[in-house]
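Colleague: This is what each chain is made of:
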Amino acid sequence: MAAQPKTLEYEYPNYLQDPRGIWSWLTTIDHKRIAILYGVSALFFMMVGGLEAMLIRAQLMVPNNHLIGAAIYNELFTMHGTTMIFLVVMPLELGFFANFMIPLHIGARDVAFPRLNALSYWVFIAGAIFLHLGLVRSLAGMPDAGWFGYANLTERMYSPGINIDTWVLGLLILGVSTLLSGLNFFVTIVNMRAPGMTFMRMPMFMWAMLVTTILILLAFPALTVGLVFLFADRFLDTHFYRVSAGATPILWQHLFWIFGHPEVYIMALPAFGIISEVITPFSRKPLFGYPMMAYSLVLIAFLSYGVWGHHMFATGMGPIADSTFAITTMLIAIPTGIKIFSWIATVWGGRLRFTTAMLFTLGFIVEFTAGGLSGVMHASPPVDLQQTDSYIVVAHFHYVLFGGMMMGILAGFYYWWPKITGRMLNETIGKWQFWITLWAFNGTFFPMHFLGVLGMPRRIYTYAPNMGWDFWNYFESINAFILGFAFLLFFINLVWSTLHGEHSSADPWDGRTLEWSIPSPPPAFNFVTIPMVTARDAFWVRKYGSVGAHGVAPAISGGAAAAPVGAPAEVHEHIHMPAPSIYPLIFGLGLFMAALGCMIWIRLILIGGALILMSILGMVFEYPTFGQFNPEALAESTLGLDNRKLGMWAFLGSECVFFASLISTYMVYKDRNLGGFDAMILNIPLTSFSTFILLTSSLLMVLALAAVQRDDRKWGAIWLFGTAFFGMIFLGGQAYEFTDFVLQGLKIQTNLFGQTFYTLVGFHGIHVLIGVCWLLVLAFTTAAGKIGKDRSLAVEIGGLYWHFVDIVWVVIFTLIYLMRTVKHA
Amino acid sequence: MSDHAIKNPHIEAHAVAHEEHPGPGVYLLVAAILTVLTAAEITVFYVPGLQPVLVPILLVLAAVKFAFVAGFYMHLYYDSKVFTIFFGFPLLLALLIVLGLLLLFAHLQGVLSFTIP
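For the protein sequence lines, the chains are E and G, in the order given. Following the numbering used here, the numbering of the first sequence begins with 1 at its first residue and continues without gaps. Following the numbering used here, the numbering of the second sequence begins with 1001 at its first residue and continues without gaps.
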């Protein structure tokens, strides 16, 4: 360990000490405490997912085994995948590490939207519990259709129990949580960086998280749409994925993998970021090829949207589509290779310190590279066709997800635990854990390559003897149990070290980034004074006082000279942190009840809805600066832009993909309609009138904004009421149109046209309805004199949403109504 | 959040500049243009002679309307270009997703056939 730097001992309590009590944790909006909540929850689910994995291996240990049976085996592999992805890897990377580290890395006191951060957590908990409702056996067991939930296995006809309902609704809830986190972190990184921290001075973990949040914002909407269709099929008897109705289950695969492949990088990129941070202090060198590392992240993210088809080679997309997806998939190997070579070059020639964190980092590089190489192999369609659904695929994705992501996560634990808890994790136990993990991981998953080549398919609960699979399955299972033991060591280490471990200084690793400049654990407000960043590796430069070429701190070995961060204790008195709030928890509870109501008792939906509404209004009005222009915050922001406005634009960007998925479905199903009602039923004169009404409402909205901006509250309120009124006229027209269609016999279940039309136009209508409610709140508040020039931002943000609803309608009116006669859309 | 803001005069001036939105006159002019464009769309729909070019005309008109609302009512034309990037990239991605799915399904249905020479 490096010579310990002189650290500043703050006179204030750290974030764990003050405030105390369970209530303070239930109402916390401190990003560090929320990170702890995420971490504890995810570690709990890691145990659950790990036990599921070991039960799977126990079942496969010997041929013709009936230890748990086929039905429970299906539930186990479904929930193992779902749990590990949505309840372990993502919450640990995003909820735990990113939540804790983003503000510390960029020199901020919290995330952009602290209440939203807490809300994301409680919604996550609601979704996680919901996914496990099937543990109550009377509710028909756990989901059992795979983490990918392929249609039409998930249709009510083939999965009549409510176990798939819990999966659909659970994932929808978790999607909300992830989207909100993504939006929050995106705005935080873009607009809350400390002065001087340009994009090219950000720690690489911040680059990774920035790109990850973009992936989240633009990938999850496709999954949401796919799940909404599945929900409709199961609850409303529609046929989005039913071949007999003219539809195709291939649509699910497209929507799922448009989300699913970026999802792989949503899990991979944070791990890339973590090891990029860990590798530098333990190599005593700056990160090699920083700019290319950053650009590679961006390129990986961009390409990840164009590779979803490689999961679908076996569906028969045709040679052009197969070739396109094969090429884009192989192209991804280039930026990924740049990263791998950069990590190796960082280590090369360095003065290495083989701490546990470094060992896991090196383990990551080796194992992830192995997984990546087999990935390139799958990118070739003819090869993939031989490997699809065999154990070689299971080997591949475990090398990526465990050998890559989990190793990265473990490296992060050993690296940042001292900062998070103020205690060092035990290095001896850690090194034992690493070597056992390395052995057992390869022992468990490497032979799966052989089993795949020998023809063993995935997802079979047992197999006949003498297929040539017996030995390797036995070998894998033994190693899986050893792997479980390695994780037992990890949990013991976490608990023991947190209670009895060596106290950590502020900078135990001689770190390079800003989090090491503040005490371990940090105070609630993180930084006494917002740091001024003058170079990449900001803390290193402050410690050693020089900036090398291109702003990179030179590699200097030896101990730190001094930790320079300091300020008079009385400064603390002037730092105002947002107050805690119980409403995020109430929101999560409401969402849980509303989802439960869909399955067992419909009145719960109303109760849940009321709780959600109450919590939203509570959060809006408890916030003292609601919509208020804050020149100080604006001056502090990196881009000189308001976080709330940035957040709204990021949200609208996400909505683009949501509506694109809905519109695509309408258009691809337009010609697959099996007869009966079609687009010719659409009432053009009525809709033309509605279109004029909606466009006019947008005019009234900007007039309202102009009035409020000149502090004319009377006309501001009048125009806002007018906008809401025109919105209601539009909704009335839509209600008339829908009623007329239903009376003519066109229901949502009638045919493909009915279901795609009602879903698309209905979702737009829901957006209009939300907009009208929002406008009425704004109008009444303005009429009461609460919104004037100083709070015009509230009207501007509401207006952005309203205009977006308007431009979506511009597209719908053209593509759905005016092009109703166009075939082969 | 903090009482120790590090003031950046450049940023403050920058931020104030973004508050300069157009007045009601511009909004009314845009509304008039949107009305005319919508009327043109409906007209094109009802004129039999324009049916062969219905799709391109409607797509262009819709794109222009979209641009006017986004540019003037949502102030992208006046505000920071950051917002345009935030909205433009997802919009491009959304268009590519629509296009990609249309092509893939067109091939699936045999409407569009690809052959490798």
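Derived from the structure by calculation, the hints contain no laboratory data. If you're wondering where the values come from, they're calculated on a predicted model, not measured in any experiment. We put the beta carbon where it would ideally sit given N, CA and C, even for glycine. Mixed in with the good hints there might be a few duds.
To be verified - Here are the in silico distance ranges between beta carbons for each label pair:
{"id": "1", "chain 1": "E", "residue 1": "L606", "chain 2": "G", "residue 2": "G1088", "range": "36 to 42 Å"}
{"id": "2", "chain 1": "G", "residue 1": "G1088", "chain 2": "E", "residue 2": "P291", "range": "47 to 53 Å"}
{"id": "3", "chain 1": "G", "residue 1": "T1035", "chain 2": "E", "residue 2": "R603", "range": "42 to 48 Å"}
{"id": "4", "chain 1": "E", "residue 1": "G762", "chain 2": "G", "residue 2": "K1081", "range": "30 to 36 Å"}
{"id": "5", "chain 1": "G", "residue 1": "A1067", "chain 2": "E", "residue 2": "F689", "range": "21 to 27 Å"}
{"id": "6", "chain 1": "G", "residue 1": "G1088", "chain 2": "E", "residue 2": "I22", "range": "43 to 49 Å"}
{"id": "7", "chain 1": "E", "residue 1": "G732", "chain 2": "G", "residue 2": "Q1051", "range": "28 to 34 Å"}
{"id": "8", "chain 1": "G", "residue 1": "G1088", "chain 2": "E", "residue 2": "M614", "range": "34 to 40 Å"}
{"id": "9", "chain 1": "E", "residue 1": "P382", "chain 2": "G", "residue 2": "F1089", "range": "32 to 38 Å"}
What the hints assert, rightly or not - A few chain G residues that don't get close to chain E, going by computed Cβ distances all over 10 Å:
{"id": "10", "residue": "V1047"}
{"id": "11", "residue": "G1049"}
{"id": "12", "residue": "Y1077"}
Colleague: Please go over all the hints and tell whether each is borne out by the structure.
Modeller: These are the hints, each one checked on the structure:
| no. | hint | result |
| --- | --- | --- |
| 1 | E/L606 - G/G1088: 36 to 42 Å | holds (40 Å) |
| 2 | G/G1088 - E/P291: 47 to 53 Å | violated (24 Å) |
| 3 | G/T1035 - E/R603: 42 to 48 Å | holds (46 Å) |
| 4 | E/G762 - G/K1081: 30 to 36 Å | holds (35 Å) |
| 5 | G/A1067 - E/F689: 21 to 27 Å | holds (23 Å) |
| 6 | G/G1088 - E/I22: 43 to 49 Å | holds (46 Å) |
| 7 | E/G732 - G/Q1051: 28 to 34 Å | holds (32 Å) |
| 8 | G/G1088 - E/M614: 34 to 40 Å | holds (37 Å) |
| 9 | E/P382 - G/F1089: 32 to 38 Å | holds (35 Å) |
| 10 | V1047 | holds (12 Å) |
| 11 | G1049 | holds (14 Å) |
| 12 | Y1077 | holds (13 Å) |
Going through the hint list in order, the structure does not satisfy hint 2, though it satisfies all others.
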